[in-house]
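S.K.: Spelled out, the chains give:
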Amino acid sequence: MTRIFRFNAKPASRRGTIVSFRSTRRGLPAALILALLIVAPAAQTQYPGIPPGYPQPALTGPTFGANLRNAANATKTQAAIVRRGAGDWSRRANSGGYSAAQLQQDFANVQFQFQALREQFNVLGNLALQLGRPRANNAVAELDSGLNTIGELFTFLQNQYNAGTLDRHTVVRTCSAFADGMRVWEQELRKNTARLGLAY
Amino acid sequence: MNSFNLTRKAVASPLVLSLALGWLAGGCVSPSADSSAPKPGQGIAEYREVTREARGRVAAMVDAVEALAQSSGSSSKLSGFDRALHQLEVTSVKTRARADAIIVRGQAYFDEWKENLAATTNQATARAATERYGRMLEQFERVRECSKEVREKFRPFMAKLREFRARLDQPAAAGAELSRPELETLAASGRSVLTRLDAVSTALNEAQAALQATLARTP
Numbered sequence: 001m002t003r004i005f006r007f008n009a010k011p012a013s014r015r016g017t018i019v020s021f022r023s024t025r026r027g028l029p030a031a032l033i034l035a036l037l038i039v040a041p042a043a044q045t046q047y048p049g050i051p052p053g054y055p056q057p058a059l060t061g062p063t064f065g066a067n068l069r070n071a072a073n074a075t076k077t078q079a080a081i082v083r084r085g086a087g088d089w090s091r092r093a094n095s096g097g098y099s100a101a102q103l104q105q106d107f108a109n110v111q112f113q114f115q116a117l118r119e120q121f122n123v124l125g126n127l128a129l130q131l132g133r134p135r136a137n138n139a140v141a142e143l144d145s146g147l148n149t150i151g152e153l154f155t156f157l158q159n160q161y162n163a164g165t166l167d168r169h170t171v172v173r174t175c176s177a178f179a180d181g182m183r184v185w186e187q188e189l190r191k192n193t194a195r196l197g198l199a200y
Numbered sequence: 001m002n003s004f005n006l007t008r009k010a011v012a013s014p015l016v017l018s019l020a021l022g023w024l025a026g027g028c029v030s031p032s033a034d035s036s037a038p039k040p041g042q043g044i045a046e047y048r049e050v051t052r053e054a055r056g057r058v059a060a061m062v063d064a065v066e067a068l069a070q071s072s073g074s075s076s077k078l079s080g081f082d083r084a085l086h087q088l089e090v091t092s093v094k095t096r097a098r099a100d101a102i103i104v105r106g107q108a109y110f111d112e113w114k115e116n117l118a119a120t121t122n123q124a125t126a127r128a129a130t131e132r133y134g135r136m137l138e139q140f141e142r143v144r145e146c147s148k149e150v151r152e153k154f155r156p157f158m159a160k161l162r163e164f165r166a167r168l169d170q171p172a173a174a175g176a177e178l179s180r181p182e183l184e185t186l187a188a189s190g191r192s193v194l195t196r197l198d199a200v201s202t203a204l205n206e207a208q209a210a211l212q213a214t215l216a217r218t219p
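Protein chains in written order, with our numbering: chain E, 1 to 200; chain U, 1 to 219.
Since the hints were derived computationally from the structure, they do not count as laboratory data.
Treat the hints with caution; some may be incorrect.
Listed below are the simulated BS3-like cross-link pairs for lysine-lysine, each with C-alpha atoms no more than 25 Å apart in a straight line [to be verified]: (1) U:LYS160 / U:LYS148; (2) U:LYS94 / E:LYS76; (3) E:LYS191 / U:LYS94; (4) U:LYS94 / U:LYS148; (5) E:LYS191 / E:LYS76; (6) U:LYS77 / U:LYS160.
Since this is a predicted model, take the numbers as computed values, not measurements.
Isolated chain U (complex conformation) (with noise of 0.2 Å):
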């Protein structure tokens, strides 16, 4: 790595197109820090991963909730339920923050492409660079959006559930009959986060789309 490492003497076109590849291939971990170059669109499959690991534990959040509201809290499906949550919190540490991180990253990357951008003498290609620069930041905007918006749904989610569990430990709930209405409200929750989930995954497969374009036009 790495694309930064690149002189400003580098023809604009390739720089641009390395630097969009940066962000999109954030993330990557190689044996050593300098050695190896990311792979082009490695960040979106890692971010792809994180997407479809969180989609996963919530999905089965859900599912818990759902089976809870209709058991009446029985005591199988009250472990079931603490096993999602468990496991939901887990999973959480490394996928809230490595969504987080490559928001704030993705944008360095543009930072720094608009640096170079800056560099370039050659008029001509420093249009054509400007203009990928464009679609590209284009595509990291939506995924950027897409990943606020969940991040905006599923702490409260998180929360919600947490608070939900611990009332169940109460004595005032021993033996009293869980509260429908506001199962199904953790389950919307939960079906809200799902769906801002999928819109994340949607914008990654646009962005992949147009990284490919992008390379099959470049000579």
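Looking at chain E on its own, in the form it has when it is part of the complex (with noise of 0.2 Å):
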């Protein structure tokens, strides 16, 4: 049976503005809008680097070349992250007795872990671009525009929200060509290491 989750758009007080999210009703929409503003569906070609009031992780170590090799293993393991937790909320939803608690959670949870690493990867591309080379400069740009295209399935998840017209079958697919989008994120990182001035 197909199960599709509808979400009513009223907001959660009469009174205005708070929002819960213990009411899957109410709060699923102010996550997704939450979501849209932070995941950006236009793909951008320019690296804009840390946005103004995001915080710079702390990742100093003895030199420059230390800073850049913690910045990319950050990364990486931010990556494995997003790409596991892609594939959980893909098996979840694949259980019929999937609920629309469930994936209010994991969809939180999948869209803090993905904000997470764009944050990590700004460190580690704003640090490449203080090397001055164009290899450095053009792999950050590519790996930030691979980003923003594993990011538009979020503004499609999130569009299907909007229409009441979400079911866990549409989650299970897009879940899992999420997942397997971040591996082949993470191939390409590995792959760019050198290009960011890492020698491992």
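Using the hints, put the two standalone chains together into the complex.
M.R.: Structure, rendered in structure tokens:
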């Protein structure tokens, strides 16, 4: 049987602004709006760096090269977390008893981890740009664009939410594509370490 | 690598050529960051490979859509559609990202080239270098324009595919005939992407020929 996740877009409180994430029907639209604001659907071909207001994780080492390696390792680790999270989401959604509450939790979790990956990659990208090497800049641009392409899948899911037509089969397919897309991105990250100025 | 480490005292003609090759060689991955120079034309070869891979996936997708249109949505055809869509999604992460970045970094190489041209003091060699620059820039712009067209067609094609597939899982779609006009529109959209990809391949072939001609003329 096909389960469609329909959500009421009414605000959580008639008085206005408080939106509870404990309420699936009320909280999910807010989570989706947040996701829309965070995950930019348009592909960027120029690496923008860390946006104002975003923290730079502390990854300091004894040398610039050590900083770069730390940032690359942290990015790899976070990418693996995102990939596993998407794979787990796909497997859970494949269960017939997958609920709207689980969907909300999984969406929020993977979206959060993906955003953490973006922030971690921004640190790596900013360090690589300091090398002043065109090859490093180009590698950063490719990887950044890859994340934007993967991020389109969030936009798709969100649009399905908004239309009230999201069903778990679509979630399964999309999460599976997301996880495999992340796998490709991780491969590209490994291949690009030399271009980023890293020698292990 | 890299050509940007050359000093401004370098002779203009080899410098310009090396910078041209820099764009054409963009994207190589070497064991270390600066220890090896990219091979001439490696960038073209890389972009050709990306284009070839993307073309194969899009062609498979178009075939799957057409098969679905002729089968009225049999489950075996639908699984073929799903497989093609998944593979296209995964491939597109690399191909679209790489194509976007190649477009941008190619321009960056040309910007750097211009800076070095401005630093050239020998007027005769500067003129020759500027002519080569113009020829290669022309090739680059052609590749770039074709790539933009691919990008403009590819993204809506993917969006339509996802939306179409999602609708098939709706209860209202259960047991209903697939919309043949919609499938034909999807297939046409895919063929349009293929046409643009072919244009990129043609432009890359022409750029390769221009590069070979430049190499042959360079003493």
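S.K.: For each hint, tell me whether it holds in the structure or not.
M.R.: Structure-based check of each hint:
1. U:LYS160 / U:LYS148: holds (19 Å)
2. U:LYS94 / E:LYS76: With a Cα-Cα distance of about 17 Å, the restraint between LYS94 (chain U) and LYS76 (chain E) holds, given a limit of 25 Å.
3. E:LYS191 / U:LYS94: holds (12 Å)
4. U:LYS94 / U:LYS148: Holds, because 16 Å separates the two Cα atoms, which is no more than 25 Å.
5. E:LYS191 / E:LYS76: holds (12 Å)
6. U:LYS77 / U:LYS160: Given pair LYS77 (chain U), LYS160 (chain U) holds - Cα atoms ~18 Å apart, limit 25 Å.
Checked against the numbered hints above, the structure violates none of them.
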